[in-house]
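Based on the hints, put chain R in the right spot on chain X.
So you can see what is in the structure, the chains are spelled out below.
Protein chains: 2
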Amino acid sequence: MTYRIDCLQYCNWSEDIFRQMREGGLDAVHVTISYHENFRETVLNVEQWNRWFEQHPDLIMKGRWASDVKLAHDTGRTAIFFGFQNPSPIEDDIGLVEVWHDLGARFMQLTYNNQSLLATGCYEDEDPGLTRMGKQVIREMNRVGLVVDMSHSADRSTIEAADHSERPIAITHANPFDWHAARRNKPDDVIRAVVQNGGMMGFSIYPHHLAGGSDCTLKGFCQMIADTAERYGVTHFGIGSDLCQNQPDSVVEWMRVGRWTKEIDYGEGSAANPGFPKQPYWFHTNADFPRLEEGLKEVGFNAREIADIMGDNWFRFFEKNFVPSDG
Amino acid sequence: MTYRIDCLQYCNWSEDIFRQMREGGLDAVHVTISYHENFRETVLNVEQWNRWFEQHPDLIMKGRWASDVKLAHDTGRTAIFFGFQNPSPIEDDIGLVEVWHDLGARFMQLTYNNQSLLATGCYEDEDPGLTRMGKQVIREMNRVGLVVDMSHSADRSTIEAADHSERPIAITHANPFDWHAARRNKPDDVIRAVVQNGGMMGFSIYPHHLAGGSDCTLKGFCQMIADTAERYGVTHFGIGSDLCQNQPDSVVEWMRVGRWTKEIDYGEGSAANPGFPKQPYWFHTNADFPRLEEGLKEVGFNAREIADIMGDNWFRFFEKNFVPSDG
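Just so you know, the sequences run in chain order X and R.
Going by my numbering, the first residue of the first sequence is number 1, and it counts up by one from there.
Going by my numbering, the first residue of the second sequence is number 1, and it counts up by one from there.
So that you can see chain X by itself, here it is in the shape it has in the complex (with noise of 0.2 Å):
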């Protein structure tokens, strides 16, 4: 078993992007459906990518367990999972955690940067740790089968996750912070304790994660996925590349500002780079993911390493994390 999968992308989704999928040799992408958006809206974002998978049969399907992969590389397809950056989805709802998995939600981040009603995130000054409902949701994340993700969540908050949680959990998209100093990069104790509880990192490609910004060489990158591995073990890591292929900077505002506030917030950007920085030359487009392979390879990793990064262990991840605790 070989399989490629992105655990992060939010493409301006087009039918270019899904051929682009399939030149990459993806077999699975995690989608983010919901930044602010509430359960309604978040819903339409469902229905549109139904539209999709309807109109594009040959190129994508719609992914809901791990043999859902299996299934997408076997018919040369490649498996949408559905996941949130934030819990608006849920709104202040615990039933909608199952509603939610039953629509193919696979992944919700606790927080988006802000404190939300489940923990803090990580543009806050403050982080108490896991609410009172944080605490509840987990437990309901856990019964259903929906990965708890803390990518944009403090420090605190997320070793209480990998903690409280009697399931792993994931860091899909960032980067060591010892590698590079970013607000989203997480350290040690952070990584020590998602991996320790059978959790995954996945390496972000997005520059403001970067060290050396856009300009991070693929060997830079994959050196640091070597001293990440070497470190923690590499069974614990994928790739999250980040990937917004094709956003207007509109999206970029959007994400950061939703409707939580009427000034302009820069997030990881500033008011002399506000829009969505410039990619490093080595990745575009999901037809660069072979790129990463070479890298690795580059690198000193063999073929078993390489193709654990490049999507097995986050397959492994799938078949055990995305089916309900009592099935």
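A few of these clues could be false.
Since the list gives no way to pick out one identical chain from another, each pair is judged satisfied if it fits inside one copy or across any two copies.
Taking lysine-lysine pairs in the DSBU-like style, the calculated list, with each CA pair at most 35 Å apart, reads [to be verified]:
no.: 1; residue 1: K62; residue 2: K320
no.: 2; residue 1: K70; residue 2: K320
no.: 3; residue 1: K135; residue 2: K62
no.: 4; residue 1: K62; residue 2: K278
no.: 5; residue 1: K219; residue 2: K262
no.: 6; residue 1: K135; residue 2: K297
no.: 7; residue 1: K262; residue 2: K70
no.: 8; residue 1: K297; residue 2: K262
no.: 9; residue 1: K320; residue 2: K219
These aren't lab readings, by the way, just hints derived from the structure by calculation.
As the structure is a computational prediction, the values presented were derived from the model and not from experiment.
Chain R alone, transformed into the frame defined by chain X:
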């Protein structure tokens, strides 16, 4: 294979009723989860069922596919299939048809007594037939595997739905008009249009649909079934008892009035008899289901025919019509 299936109930659900389902040997029940509720309100009803599934895993389970009837049978439980008596859960959004199929809905009436966005109800003075949106929604229901149910629809609309639909449709709960001239019962040309396209009708035990009302005897009911089976063929019929056990009269008022009028509408009742009618002595709870078999035997059905009427016909219908047309 011998399954017992009731293809329409709307009880005031409780553990007692779930135990009576087991006592009556029901392998599957199609339950109404919306009369007038909009999308979000109907999702709340799904959430309530999810709690019951969680609380009573030894008695009931969620039904999605015909195979779940078998699974329920083999594990001594009753599979619960969701349906709507009104298209209100899709509001004005055709994309919600597939969303609802994902959430487990398997039957949707195009109307409940009144004109809807899709077709005409059986209490309107005029029946102009399927609307533009109605035709589109039937096609979408055919695609995803959501069965068109015309129990509360007007006759022309029903015949047009049977003809327009590329897959068989259902009248889950009604009786022949020729037996009892109630507005909700179905004349010969309607029954013919439904069954000649492979459709099914479930016999109702709701007193307003019975010749003699609450005083209808088991023998009279079963003789009607025998006459109907002889006229149209036994393979097209099952039970849709319309059991509304333990419901307060405020619920039948909600069914009839919803939010569409400020006046009282008595529907099949009257000012003198505004509440739920008294059940016939031979059918009060799910535990009475085996009595129907005795009654069917008495009017001359053989064991195979009894099994077909008591559930196997519905089972075969579920097998064919709950799956997507491309699956």
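Verification of the hints:
| no. | hint | result |
| --- | --- | --- |
| 1 | K62 <-> K320 | both (19 Å within a copy, 22 Å between copies) |
| 2 | K70 <-> K320 | both (15 Å within a copy, 26 Å between copies) |
| 3 | K135 <-> K62 | both (30 Å within a copy, 26 Å between copies) |
| 4 | K62 <-> K278 | within (30 Å within a copy, 48 Å between copies) |
| 5 | K219 <-> K262 | neither (41 Å within a copy, 72 Å between copies) |
| 6 | K135 <-> K297 | neither (41 Å within a copy, 56 Å between copies) |
| 7 | K262 <-> K70 | neither (45 Å within a copy, 56 Å between copies) |
| 8 | K297 <-> K262 | neither (47 Å within a copy, 73 Å between copies) |
| 9 | K320 <-> K219 | within (32 Å within a copy, 55 Å between copies) |
Against the hints set out earlier in the document, violations occur for numbers 5, 6, 7 and 8.
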